[in-house]
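Sequences and hints are given; from them, build the entire structure.
Just so you know, the sequences run in chain order A and B. Using my numbering, you'd call the opening residue of the first sequence number 1 and step up by one each time. Using my numbering, you'd call the opening residue of the second sequence number 1 and step up by one each time.
Please note that the accuracy of each hint is not assured.
[Stated by the list, open to error] Only pairs whose alpha carbons sit at most 27 Å apart, straight line, appear in this in silico DSSO-like list of lysine-lysine:
#	chain 1	residue 1	chain 2	residue 2
1	A	Lys38	B	Lys430
2	B	Lys304	A	Lys81
3	A	Lys218	B	Lys117
4	A	Lys38	B	Lys164
5	A	Lys218	B	Lys308
6	B	Lys194	A	Lys60
7	A	Lys10	B	Lys328
8	A	Lys81	B	Lys430
9	B	Lys164	A	Lys218
10	A	Lys109	A	Lys252
11	A	Lys218	B	Lys130
12	B	Lys193	A	Lys218
13	A	Lys128	A	Lys117
14	B	Lys130	A	Lys14
15	B	Lys35	B	Lys304
16	B	Lys426	B	Lys412
17	A	Lys14	B	Lys328
18	A	Lys81	B	Lys426
19	A	Lys81	B	Lys193
20	A	Lys81	B	Lys366
21	B	Lys117	B	Lys53
[Stated by the list, open to error] Derived Cβ-Cβ restraints for the label pairs, each shown as a range:
#	chain 1	residue 1	chain 2	residue 2	range
22	A	Arg95	B	Gly364	50 to 58 Å
23	B	Glu382	A	Asn94	53 to 61 Å
24	B	Leu352	A	Leu222	41 to 49 Å
25	A	Ala191	B	Ile81	40 to 48 Å
26	B	Leu191	A	Phe48	53 to 61 Å
27	B	Val23	A	Ala212	37 to 45 Å
28	B	His192	A	Leu222	19 to 27 Å
29	A	Asp4	B	Ser309	28 to 36 Å
[Stated by the list, open to error] Quick look at which bits of chain A chain B covers, simulated, 3 or more residues with Cβ under 8 Å:
#	segment
30	48-60
31	108-118
32	138-149
33	220-232
34	243-253
Hints in this document: simulated from the structure, not taken from any laboratory. Even glycine gets a Cβ: it sits at the ideal position worked out from N, Cα and C.
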Amino acid sequence: MFLDDLIIVKHQGKQFIKDLTKASLPEIFRGIPQISDKAINAQELIDFCPTAAILLNKNKLAIDLGKCAFCGDCQMQFPNKITFTNQYKMATNNRDSLMVYQGESKEIKVEASLIRKEIQSIFNRSLKLRQVSAGGDNGNELELGACGNVNFDMGRYGIEFTASPRHADGIVVTGPITENMVEALQIAFEAVPEPRLFILVGVDAISGGIFAESTALKRDFLNKVHIDLYVPGNPIHPLTFINGILELTRKKYRR
Amino acid sequence: MKAQNQYIKLKNGSPILTADIPVLSYNDFRVQTIKLLLDFDKAHCSNYFAIPKGIGFQLIVIIAADVNHDFLVFSHQLLSIETALESLTQDHFAFHIFEREIHENFNIQFLNHPWLKPVRFAHNRADQSKQIANYPFYHFDSTEMHEVSVGPIHAGIIEPGHFKFSCHGETVKHLEIQLGWQHRGIETLMLHKKTDLQRTLLAESITADSAIAHTLAFVTAMESLSQIKVDANLNLERTIALELERLAIHTGDLCGMCTDVAYQLGSSVFNALRTPIINFTQRWCGNRFGKGLIRIGGTHYPLKEGLKSDLILVLNEFESRFVEMAEKTFNIPSVIKRFDGIGIISKINVGLLGCVGMVAKTVGYKRDIRLSHPFGYYKTVEFEPKTCISGDVMARGFLRYQEALQSIQLIKTMLELHKSELVSSKPDYKVVLNPNSICVSATEGWRGEIIHTALTDQNGQLEWYKIKDPSMHNWKALELSLRNIEISDFPINNKSYDLSYSGHDL
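Here you go:
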């Protein structure tokens, strides 16, 4: 019987990704976009975006990755104007740096100057997080689950999800924060001992995404908390999340 | 009573004029509904909803005739909110959730309904004084019983729901599940959004684990209302995506079930096996859940020759590893002990509740849209759903195994029929819908039947959009499965159903 298990293990082979900071995704993956200088009707492009993520700023087009649902339809409708690259490292602690402007090849990273001092000293070797879904569509939830599987194995860094907020060092929010869920979210957040992290995962959490104007949401809770990390995606890729957390809590992973 | 057959027959994804829906007196409406649903093998209620019409409401019922590919649709015009209606639930229990929903949204009164409790505390509910924190749970007035409350936030990385167990010692006597925490107002947004792309994104976000199935139901409704014909090749690609979704989620659920019975090898292996499938979907369309793939009228991501050979390799490699692990899992005594005979739902209860999809199939009902109301590729083949009979955790696990194998075979067959040299059309971002029409669009997601019903007004604008996830019917089955079993068996039961919170709450 034990032999059967060994045979299965042998057939499965090694599944883990050796270096999560250097893994590459297929070209077709939609990561950080680039906007070229090609002349187009800007208003048409702005109106085309389903989540109002494309805007005109000082005569230059920009995409707000906090609002972008990464549907990629704009790059199909306006070819050579917008191109999504497969750059998945786009988690940041600076909301403004999620703006990608026309003509730039943007690098989005966690900015050391904005990290609270106690974060690195306390959480740099072990981090336990409590995830709260507040209207999430189960995509980000599944991808956060995948962070701990045998492929990504986030546990190798001592980063894990935990059941109780009392055992957690921070809250990870998915979903656009529904009115029905906001009280539970607040209670869970307050149950986490300080210092605590607060992380927004996915476009829905960062800006409300496609649900932004829904009256079923109640997002004012976000005004009361310090947001330590924004992880864009719809849903996020596990590599985006893991690299973001590493950059936030560990000096040697910072770019 | 008037003559028989006061209904109109609708095929899956074929629009008709809304005015053609027969309007019956409530008594006839009630008698006919109950009569049509007498034989659980032949028909079930797919959806029942109200839309505001004039000063009152039109109550529309959609009954799926499971043998002859029809949806039977008829309605009642309720002139005044003051008129209380005899509830259908007292005669056919499957209506309980729909009558609760109608009552919550519009304050229509149903007499003799066992529990007109809120369904999801919708943002536009009729009675705003009802708050989600004050849900009226059942409570046993007994000194020997105790209650266990779980949620809305659960121990794992999953969506929120509040579960209240009424227990006698370790034995659960009653479980009540309260949902609504995920409510985002999708049905309202469907009407308010201005562009078709926005609505497509909403459909993709109903629940990401069924993104393909829900988006397919949505685009089929839009295409049929605007007379867009989809070529056979695109239909094959969409169906391949749908079966890949089923394969990936079933594999992931087998992982979850192994985790919940502490079978570490199965848990790790099934978890790893889901990855090559969703990674293929990512190589196909740039997203592991297939978001971006399904669009109205066409696709941006044709299934090219290189992708096809890639997929065949992935499936062959997957299949041998998957079968080896599944055979081991379903034969190992420590797993069998925790799966076999646990959380049984009886065939009669499934019939009474009107359950669909996997839950119906685990007790032997062949309730599968791919057979009963075929769409896309399934119109061209004789599809035979897999079924089990025991209705327990084992059946729900084993059915997943069998359906996963079936999906692999279906995909391989479809890949042979698919011609990658044919180029499918590009998506249409501005469709013009037929005015004054209704379309019922159904797909079989991995959980069960997904029904989208779209109604247009005289200008061809969406007047009403109704979404029904299979979880609407099936949550009650989980509650009944828990009766008289140990509370420690709850996690494995919950995982074996894996119902949708976001699909239910919308």
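Right, here's what the structure says about each hint:
1. Under the criterion of a C-alpha separation no larger than 27 Å, the hint pairing lysine 38 (chain A) with lysine 430 (chain B) is consistent with the structure, at around 25 Å.
2. Simply put, lysine 304 (chain B) and lysine 81 (chain A) have alpha-carbon atoms about 24 Å apart, close enough for the 27 Å limit, and the pair holds.
3. Our distance criterion of 27 Å between C-alpha atoms is met by lysine 218 (chain A) and lysine 117 (chain B), whose separation comes to about 23 Å.
4. For the hint linking lysine 38 (chain A) to lysine 164 (chain B), the alpha-carbon distance of about 59 Å lies beyond 27 Å, and the restraint is violated.
5. Between the alpha carbons of lysine 218 (chain A) and lysine 308 (chain B) the distance comes to roughly 45 Å, so the proposed pair goes past 27 Å and is violated.
6. Between the alpha carbons of lysine 194 (chain B) and lysine 60 (chain A) the distance comes to roughly 25 Å, so the proposed pair stays at or under 27 Å and holds.
7. Note on lysine 10 (chain A) and lysine 328 (chain B): the hinted pairing holds, with a Cα-Cα distance of about 15 Å set against a maximum of 27 Å.
8. As the CA atoms of lysine 81 (chain A) and lysine 430 (chain B) are separated by approximately 21 Å, the hinted pair is consistent with the 27 Å bound.
9. This hinted pair checks out: lysine 164 (chain B) and lysine 218 (chain A) have alpha carbons roughly 26 Å apart, not beyond 27 Å.
10. Distance check on the hinted pair: lysine 109 (chain A) and lysine 252 (chain A) sit about 13 Å apart at the alpha-carbon level, within 27 Å; holds.
11. As the CA atoms of lysine 218 (chain A) and lysine 130 (chain B) are separated by approximately 17 Å, the hinted pair is consistent with the 27 Å bound.
12. Simply put, lysine 193 (chain B) and lysine 218 (chain A) have alpha-carbon atoms about 19 Å apart, close enough for the 27 Å limit, and the pair holds.
13. The suggested pairing of lysine 128 (chain A) with lysine 117 (chain A) holds, with an alpha-carbon distance near 18 Å, which does not exceed 27 Å.
14. Proximity of lysine 130 (chain B) to lysine 14 (chain A) is assessed by CA-CA distance (about 53 Å); at most 27 Å being required, the pair is judged violated.
15. Straight-line distance between C-alpha atoms of lysine 35 (chain B) and lysine 304 (chain B) comes to about 50 Å, which puts the hinted pair past the 27 Å bound.
16. A distance of roughly 25 Å separates the Cα atoms of lysine 426 (chain B) and lysine 412 (chain B); the hinted pair therefore holds under the 27 Å criterion.
17. Note on lysine 14 (chain A) and lysine 328 (chain B): the hinted pairing holds, with a Cα-Cα distance of about 20 Å set against a maximum of 27 Å.
18. Taken as a hint, the lysine 81 (chain A) and lysine 426 (chain B) pair is honoured in the structure, with Cα atoms around 18 Å apart against an allowance of 27 Å.
19. With a C-alpha separation of about 25 Å, the suggested pair lysine 81 (chain A) and lysine 193 (chain B) falls inside the 27 Å cut-off, and the hint holds.
20. Between lysine 81 (chain A) and lysine 366 (chain B), the direct Cα distance comes to roughly 50 Å. Violation of the 27 Å bound is thereby established for this hinted pair.
21. Between lysine 117 (chain B) and lysine 53 (chain B) the alpha-carbon distance is near 24 Å, which keeps this suggested pair within the 27 Å criterion.
22. Checked against the hint of 50 to 58 Å, the pair arginine 95 (chain A) and glycine 364 (chain B) passes, with Cβ atoms roughly 54 Å apart.
23. Between glutamate 382 (chain B) and asparagine 94 (chain A) the Cβ separation comes to about 58 Å, which falls inside the hinted range of 53 to 61 Å.
24. Against the hinted window of 41 to 49 Å, the Cβ-Cβ separation of leucine 352 (chain B) and leucine 222 (chain A) comes to about 45 Å, which satisfies the hint.
25. For the hinted restraint 40 to 48 Å between alanine 191 (chain A) and isoleucine 81 (chain B), the CB-CB distance of approximately 43 Å keeps it satisfied.
26. Evaluation of the 53 to 61 Å hint for leucine 191 (chain B) and phenylalanine 48 (chain A) yields a failure: the beta carbon distance comes to about 20 Å.
27. Separated by about 39 Å at the C-beta atoms, valine 23 (chain B) and alanine 212 (chain A) satisfy the suggested range of 37 to 45 Å.
28. Range check, histidine 192 (chain B) to leucine 222 (chain A): about 23 Å between beta-carbon atoms, so the 19 to 27 Å window is met.
29. As the Cβ distance of aspartate 4 (chain A) to serine 309 (chain B) is approximately 32 Å, the hint placing it in 28 to 36 Å holds.
30. Restraint check on the segment 48-60 of chain A versus chain B: 3 residues with Cβ-Cβ distances below 8 Å, three needed, restraint holds.
31. Residues of the segment 108-118 of chain A with a Cβ under 8 Å from some Cβ of chain B number 0, which does not satisfy the need for three, so the listed coverage is violated.
32. For the segment 138-149 of chain A, the stated coverage by chain B holds: 10 residues have a C-beta nearer than 8 Å to a C-beta of that chain, and at least 3 were required.
33. Closer than 8 Å: that is the beta-carbon criterion, and the segment 220-232 of chain A has 0 residues meeting it against chain B, so the requirement of 3 is violated.
34. Requiring three or more residues with a Cβ within less than 8 Å of a Cβ of chain B, the coverage given for the segment 243-253 of chain A is violated, as only 0 such residues are present.
Hints 4, 5, 14, 15, 20, 26, 31, 33 and 34 from the list above are not met by this structure, while the remaining hints are.
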